[in-house]
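Take these sequences, add in the hints, and give me the full structure.
Going line by line, the protein sequences match chains A and B. The first sequence begins at 0 in numbering that gives the first Met the number 0 and counts up one residue at a time. The second sequence begins at 0 in numbering that gives the first Met the number 0 and counts up one residue at a time.
Any given hint might turn out to be false.
Each pair may be met inside one copy or between any two copies, as identical chains are not told apart.
[Unchecked claim] Straight-line distance between alpha carbons at most 30 Å, and here's what the computed BS3-like set of lysine-lysine pairs gives:
#1 60 x 8
#2 493 x 284
#3 506 x 533
#4 482 x 533
#5 532 x 450
Note that these hints are calculated values from the structure, not bench results.
There are 2 protein chains.
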Amino acid sequence: MLQSLDGSKVKTLSVNELNDLCEELRETIYETVMQCGGHLASNLGAVESTVALWYHFDFPKDKIVFDVGHQCYPYKLLSGRADRFSTLRQSGGISGFPKRKESEYDAYDTGHAGTSVSAALGIAKARDLKEEDFQVIAYIGDGSFNNGLVYEALNSIKILNTRILIVLNDNGMSISPTVGGMHDILSVLDKEKADGVKLLEQFGLRYIGVKDGNNLSEMLDAVSEAKEQLSSQSVLLHISTKKGKGYEFSEEHPTDTHGVPPVGSPKQQEYSHVLGETLCRLAEKDKRIAVVSAAMKESLGLERFFQQFPERAFDVGICEENACVLCSSMATQGIKPYYAIYSTFLQRAFDELIHDVCAMDLPVVFCIDRAGISGADGETHQGVFDLSYLSMIPNLTVLCPKDTEEFKKALEFSVEFEHPLAIRYPRAGRILFESKDDNGLSLRKWEYLHKADENSSVAVLATGERCLTVAMEVLKNVRAKGKDFHVINARFVKPLDLNFLTSLNCKHILTIEDNVQIGGFGSAVNTAVIHSKKSCTVRNFAYKDEFIVQGSVNELQKKYGVDSAEIQAYIEGFI
Amino acid sequence: MLQSLDGSKVKTLSVNELNDLCEELRETIYETVMQCGGHLASNLGAVESTVALWYHFDFPKDKIVFDVGHQCYPYKLLSGRADRFSTLRQSGGISGFPKRKESEYDAYDTGHAGTSVSAALGIAKARDLKEEDFQVIAYIGDGSFNNGLVYEALNSIKILNTRILIVLNDNGMSISPTVGGMHDILSVLDKEKADGVKLLEQFGLRYIGVKDGNNLSEMLDAVSEAKEQLSSQSVLLHISTKKGKGYEFSEEHPTDTHGVPPVGSPKQQEYSHVLGETLCRLAEKDKRIAVVSAAMKESLGLERFFQQFPERAFDVGICEENACVLCSSMATQGIKPYYAIYSTFLQRAFDELIHDVCAMDLPVVFCIDRAGISGADGETHQGVFDLSYLSMIPNLTVLCPKDTEEFKKALEFSVEFEHPLAIRYPRAGRILFESKDDNGLSLRKWEYLHKADENSSVAVLATGERCLTVAMEVLKNVRAKGKDFHVINARFVKPLDLNFLTSLNCKHILTIEDNVQIGGFGSAVNTAVIHSKKSCTVRNFAYKDEFIVQGSVNELQKKYGVDSAEIQAYIEGFI
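Laid out in structure tokens, this is it:
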């Protein structure tokens, strides 16, 4: 049915047919995610509510904004993308997130949490200004509902004097189980509606609750009521659903089946695993060590730490800013906080990083996972800005370990380091390079990973495992031809090892980084070279000034500016 | 009394003596602010509550975090700083904000809104971990209480399982009057306590309300009760106060007397005035234009716009992130939003700037006021990072007009510009430079502000009014000695005018910017020069990699790296 179904036909189906449609959606999602990887459990739970919305609303005339986007697969399947859905998250294929460029049905791009209510309000207000006539829906999970941005948006409903429908899909889970006071308030709503409703009325919302949001008939009735109410005021449609609905394993393991790799993906050593193990080891000896996470403890490798040191482990939900200020304030009292977070989500705590942690020069350690290109999640999830936005902040030291072994050393180094420290690393890692530094890391010190002849004219400064891997691959090819060059592990991006840089007696320097060029590692080397009046050329291999789409890490690295063939050709032009 | 008073003596005073103390505090604050400038109305309203806290708590053993810090003057006066208080906001003097380096009584530095509850929770949790015994207080105004970060913190009270006292000083004002749903909820609390209290209980808070927070006796009783409750749970002490209390003019004009310049300060033309007038003019012709502000419409020059176009002007309270997403979402529907904001506060919307506005390449215009060194407010308010954090974002154009006249042209240019645009400018401005471009601005095009002889070996690339003023001052001095150099108005910081740069036939290039060096304008020029293999030297005059303290703009510019004498000496070394 799905392949031939135009979403507008949903209205013509009987309840039985709609139930069949739900099953078909569920199967398609399951099968596709097993093939392509993607967000499974959240999408399975969103099937009936999405179908009910299609039944009563008119997309794309009416607009829907999916918060984060982890629940948009059923919607994508109903909006004319079923035939291409098997390309999910592949290069050139269907995005795992809403994308305006992909379809007129996608009203607003999302990827980070908490933007949907603001976005729906802005779209609705624009509608009012233009005197147009359509409905606007924010579809949000209870995990995102913890985010401060949602509160700011709720707070502005009356100011903006417009009408939206908020569908709060409450499955009790963020990626980890949802925590915090607001979720308790939502639970109270079920039991003691009167009080909760009064609260929501103050925000300008009419409350409608649905006990089983996976029951299609209930959902059809509730959406009908919500649509009617929406003619006069904003509505919160609060639905209880089951994350992973329909697949026993997923229902029982909603966290493990939140994001799923394709079947048959190789198991990799991950930096996150090293983070968890190392922090546990260090925390046994050092009672000052605490760990803070914003709803990502599993994917950051911190499960064991949370089990072993529950009193020193804090998951505050999808609240990146609050997590950052908790770290800085604990640090004022002599606690040593480790804030583990994905690179792209740390952007949310940028101001707190500057204004709280670094302005007070507090010894908080940022463990920045999924740095560099992260791959299949696309534009909103690439961690390619952090070297730039971190390097500009005074008092902050920025460290990119060359492999998982050096990551351990970096964490050991961090314990006694008395200033803000950022350690950034990709997901997959290996113990890759022979270590020259058995004594651990020293602040600012780079090392030769390969030292060529003293008269070698080319030095490659590469930072982090991925870029050193590229450099060493090129080195191997070049040496096979009897030529040679230096490869330097530029593990400290800030401060640069200026002594090392000055000591290099090369005519040609190359920098390689897993970050945009502007303001990043290469940019810092350019400035150092210009200021030192060294007479050498510098070429930066880094990402272009563009948002990087979805694809495989290797493919995207090449496409956007870190291409080993190009690096090799460039070097061979000199030697 | 104040000069000789140690805060710990407050406990020994009678209520009459305490009332006298309140009057003395008020007078001292008033007189000091008239001399030094500073935050008047908010501090006047906070006197009685602060005295009551001193009466019952033991500072600095107990810790207090002032949100933003606009209410910390009475506390500073009581904590051994009365004798130095006349140096308020002066170079080397008492800061207008809490500063740990200034006094052991200042537990946590603030300046941006909404951090206090998180910070108090972090300090309290650290106390618990260290098994210490003291109390922690967050003192926050109702304006800040709108901020999403506060919600994230409230949401984590139960997760953290610790106890703090939140004093919510509700004067009904942000800088502008407080707006939004949460403030309505607070009003309901007064009238219908039962419901509101239930809500707050879900967050883990016990509610205590005070009808007149400027009545010392009421405050003494309420703080006593709060302290008692605090032994078993977190407490929200909600007090109603009068902003500007005790000074009729200030009570009646709380917005005008929020931040006050020293008496006798010269009236300056301000960019904000030009912003307001120009946007009104443009909006008359173009119905797409809308304006968004986060509780700062007066200081951004937008009062007239809000009066003239109330349906297209949105003040969403201190919610920088929400304001940004409202802009991006309105832009998806063909509205042309102008988001006016201080440089330092835009840091709060950094992720939304990337993830919402720029990733979707939407035509939102950021009008970034108080860019560069802002002066007396110190570290937390300098706008010296924006050129760096803006330049690294794909799809974003960054423009620094050379004077207020060019700012008008920049705004005219912005109307038809179909991509994200950031225009940054300082507070004070003038129509300063003779315009060479009567046809308005063209994307990427720099101009000679002074073109020297073709064989001149030195070119100064300066961006924005302040830096061009420095360059022209140096030029005047140098020409008086019969020498000459080029001065270029590098108004587009991104994209750089590479054609112009390439066409320069100079041995020596200088860059001047009102921003940190790292990742900023000079950094971009360095990279361009390195990549072009131009054989010239480049020297960057920009701010050092440090947080910049309080002082006058001119003094700080010199001290941190933009010193006209140094620039002149450097140039005279070549010509």
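Okay, the hints, checked on the actual structure:
1. 60 x 8: within (15 Å within a copy, 68 Å between copies)
2. 493 x 284: This pair counts as within: shortest intra-copy Cα distance 29 Å, inter-copy 49 Å.
3. 506 x 533: both (9 Å within a copy, 15 Å between copies)
4. 482 x 533: both (24 Å within a copy, 29 Å between copies)
5. 532 x 450: Intra 24 Å, inter 27 Å, cutoff 30 Å: intra and inter.
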